[in-house]
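**Q** Sequence:
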Amino acid sequence: MDEHNLKSENNELNLQQDSNYNAISQAEKDKIIERQLRFQDLLISISTQYINSDLSDMNKLINQSLKQIGEFVESDRSYIFSYDFVNNTTSNTYEWCAEGIEPEINNLQNIPIDYITHWLDAHKKGEAFYVEDVSLLPHDGEFGLRAILEPQGIKSLIVIPKLKNNELIGFVGFDSVKKINKYNDNEQDILFVFANMLVNVIQRKEQEEELKAQELKKEKLLENLSFQNEQLNEYAHVVSHDLKAPLINIHTLVSWFMDDHKDKLEEKDLYPLSQVLFNVEKMDFLIKGILDYSTINKLETQDSLINFNVIIEEVLQTMLLPSHINITIQDNLPSLYGNAWRYKQVFQNLIQNAIKYSDKDQGKVDVGYTEKSDVYEFFVRDNGIGINSNYFDKIFKVFTKLESTGSSSGIGLSIVKKIVNFYKGSIWLESEEGVGTTFYFTFLKDH
Numbered sequence: 001m002d003e004h005n006l007k008s009e010n011n012e013l014n015l016q017q018d019s020n021y022n023a024i025s026q027a028e029k030d031k032i033i034e035r036q037l038r039f040q041d042l043l044i045s046i047s048t049q050y051i052n053s054d055l056s057d058m059n060k061l062i063n064q065s066l067k068q069i070g071e072f073v074e075s076d077r078s079y080i081f082s083y084d085f086v087n088n089t090t091s092n093t094y095e096w097c098a099e100g101i102e103p104e105i106n107n108l109q110n111i112p113i114d115y116i117t118h119w120l121d122a123h124k125k126g127e128a129f130y131v132e133d134v135s136l137l138p139h140d141g142e143f144g145l146r147a148i149l150e151p152q153g154i155k156s157l158i159v160i161p162k163l164k165n166n167e168l169i170g171f172v173g174f175d176s177v178k179k180i181n182k183y184n185d186n187e188q189d190i191l192f193v194f195a196n197m198l199v200n201v202i203q204r205k206e207q208e209e210e211l212k213a214q215e216l217k218k219e220k221l222l223e224n225l226s227f228q229n230e231q232l233n234e235y236a237h238v239v240s241h242d243l244k245a246p247l248i249n250i251h252t253l254v255s256w257f258m259d260d261h262k263d264k265l266e267e268k269d270l271y272p273l274s275q276v277l278f279n280v281e282k283m284d285f286l287i288k289g290i291l292d293y294s295t296i297n298k299l300e301t302q303d304s305l306i307n308f309n310v311i312i313e314e315v316l317q318t319m320l321l322p323s324h325i326n327i328t329i330q331d332n333l334p335s336l337y338g339n340a341w342r343y344k345q346v347f348q349n350l351i352q353n354a355i356k357y358s359d360k361d362q363g364k365v366d367v368g369y370t371e372k373s374d375v376y377e378f379f380v381r382d383n384g385i386g387i388n389s390n391y392f393d394k395i396f397k398v399f400t401k402l403e404s405t406g407s408s409s410g411i412g413l414s415i416v417k418k419i420v421n422f423y424k425g426s427i428w429l430e431s432e433e434g435v436g437t438t439f440y441f442t443f444l445k446d447h
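In full-length UniProt numbering, the protein residues as written are 1 to 447.
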């Protein structure tokens, strides 16, 4: 029997069902209606469970719903298949079996879709494929439909297509093994609704699993980055520390040689040696900057309440202040919990920067703050050479300098930014070339 004849037979059966429906009593009609209403109520209940469930319950709920629907329509096996049109196969993904019915899920993996062209053709049209009595199917060879169904003990079956965005992705099926089962049009429509529900819930499960996998991947990436940063900081700290000793030896030996032979050497002979000392000092500043930068996250001293007026005064006492620079510190700066060394590094580097890039006869550096709702906004303002706006973002990067002369390490502002970020603050600047620069940074009131 070909597909056309099979479809004609199904149409005849439906006409016969309609004729029988017209012939039955009102009591029987009421019974059919009542059954359909209970079927709809069951779907509503299953839908509610899906909506209120989380990812961990999804497989259990899908299997449970297959059982509930299977028992209601009096089938013996209900299942879900997925189509793989890349490899032209189909696989059983979920299955429920009534008591005494052998499961088939393990035997139904990667089945060539050539074996099920009968219902595949129907599914591609968005239609169900229904065989009321398998024994009436023609004997059409070892790969025919009857040859596939009878060894599984199937007497009746109905398979409903699963469509996602009008794309065929699989099907839901119901096998009757113990007896022939009939499905009227209304029951088939309700099974279509169930198939659509499964598409939505499985899609939700896949999306949640994908999101979960992405989160795990993100967490793993962050862990790796944190570990690599820690290793890098440790490496920088060790290498920088080890480099300081030979630098000190070089500086000492060259200085001794120059002192011992200053009466014998001419100025042109001493110049190269002076350049060696200059570059050794430059290297020493660089190493100190790297040590400071790699130490920021490694400090383990307990935080305490820090008076900012006190620490800035201590910073100024350790600096060599040019006579033409006037530094003004706002009275009554706030006190914050934190590490004194970190806070000192911020103000020391910003004040040193302001002094270094002063080009006025009377240089000015002002330090103050403004209280905001949840942060203290500090500023260090100078009247120096200013900074071109093209460099605003670049100057906070490690080893970035606006000029290559001098012994500056190019790490100072990177240290400042790293400390401000450590305390979950932000830093930015305003500047006008020839007029001056103001660095702003914030610290949370409670951190």
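In short, the hints are calculated from the structure, not lab data. Note that the Cβ used here is the ideal one computed from N, Cα and C, for glycine as well. Accuracy of the hints is not assured; some may be wrong.
Taking lysine to aspartate or glutamate and the EDC-like style, the derived pairs with C-alpha atoms no more than 20 angstroms apart in a straight line are [said to hold, decoys possible]:
hint, residue 1, residue 2
1, K182, E28
2, K424, D393
3, K212, D189
4, K445, D259
5, K182, D140
6, K124, D189
7, K205, D84
8, K344, D359
9, K164, E127
10, K178, E127
11, K417, D359
12, K178, E150
13, K394, D361
14, K67, D121
15, K364, E433
16, K364, E313
17, K445, D361
18, K424, D359
Label-pair restraints from in silico Cβ distances [as the list claims (entries may be wrong)]:
hint, residue 1, residue 2, range
19, N87, L136, 29 to 35 angstroms
20, D263, E377, 26 to 32 angstroms
21, L321, Q275, 24 to 30 angstroms
22, L253, L321, 27 to 33 angstroms
23, E314, D259, 30 to 36 angstroms
24, E219, L316, 22 to 28 angstroms
25, T318, E266, 33 to 39 angstroms
26, N166, I101, 32 to 38 angstroms
27, Q64, R35, 17 to 23 angstroms
28, M258, M319, 42 to 48 angstroms
29, N196, E102, 45 to 51 angstroms
**Q** Now tell me if each hint is right for this structure.
**A** Taking the hints in turn, this is what the structure says about them:
1. K182 with E28: holds, 16 angstroms
2. K424 with D393: Status holds; Cα separation ~18 angstroms.
3. K212 with D189: violated, 35 angstroms
4. K445 with D259: Outside the cut-off at roughly 54 angstroms; violated.
5. K182 with D140: Given that 20 angstroms is the threshold and the Cα spacing comes to 24 angstroms, the pair is violated.
6. K124 with D189: holds, 17 angstroms
7. K205 with D84: holds, 19 angstroms
8. K344 with D359: violated, 25 angstroms
9. K164 with E127: holds, 14 angstroms
10. K178 with E127: Violated, at about 26 angstroms.
11. K417 with D359: The given pair, whose Cα atoms are some 25 angstroms apart, is violated under the 20 angstroms limit.
12. K178 with E150: It holds: about 12 angstroms lies between the C-alpha atoms, which stays within 20 angstroms.
13. K394 with D361: violated, 28 angstroms
14. K67 with D121: violated, 27 angstroms
15. K364 with E433: Given pair K364, E433 holds - Cα atoms ~15 angstroms apart, limit 20 angstroms.
16. K364 with E313: It holds: about 17 angstroms lies between the C-alpha atoms, which stays within 20 angstroms.
17. K445 with D361: The hint is violated at about 38 angstroms.
18. K424 with D359: violated, 34 angstroms
19. N87 with L136: 29 to 35 angstroms: 33 angstroms Cβ-Cβ, so the 29 to 35 angstroms window holds.
20. D263 with E377: 26 to 32 angstroms: Taking Cβ atoms as reference, D263 and E377 lie about 58 angstroms apart, which means the hint is violated.
21. L321 with Q275: 24 to 30 angstroms: Between L321 and Q275, where Cβ atoms are some 27 angstroms apart, the hint holds.
22. L253 with L321: 27 to 33 angstroms: With a Cβ separation near 32 angstroms, L253 and L321 satisfy 27 to 33 angstroms, so the hint holds.
23. E314 with D259: 30 to 36 angstroms: holds, 34 angstroms
24. E219 with L316: 22 to 28 angstroms: violated, 45 angstroms
25. T318 with E266: 33 to 39 angstroms: At roughly 38 angstroms between Cβ atoms, E266 and T318 fall inside 33 to 39 angstroms, so the hint holds.
26. N166 with I101: 32 to 38 angstroms: holds, 34 angstroms
27. Q64 with R35: 17 to 23 angstroms: Holds, since Q64 and R35 (Cβ atoms, about 21 angstroms apart) stay within the stated range.
28. M258 with M319: 42 to 48 angstroms: violated, 27 angstroms
29. N196 with E102: 45 to 51 angstroms: Cβ of N196 to Cβ of E102: about 29 angstroms, so the range 45 to 51 angstroms is violated.
Going through the hint list in order, the structure does not satisfy hints 3, 4, 5, 8, 10, 11, 13, 14, 17, 18, 20, 24, 28, 29.
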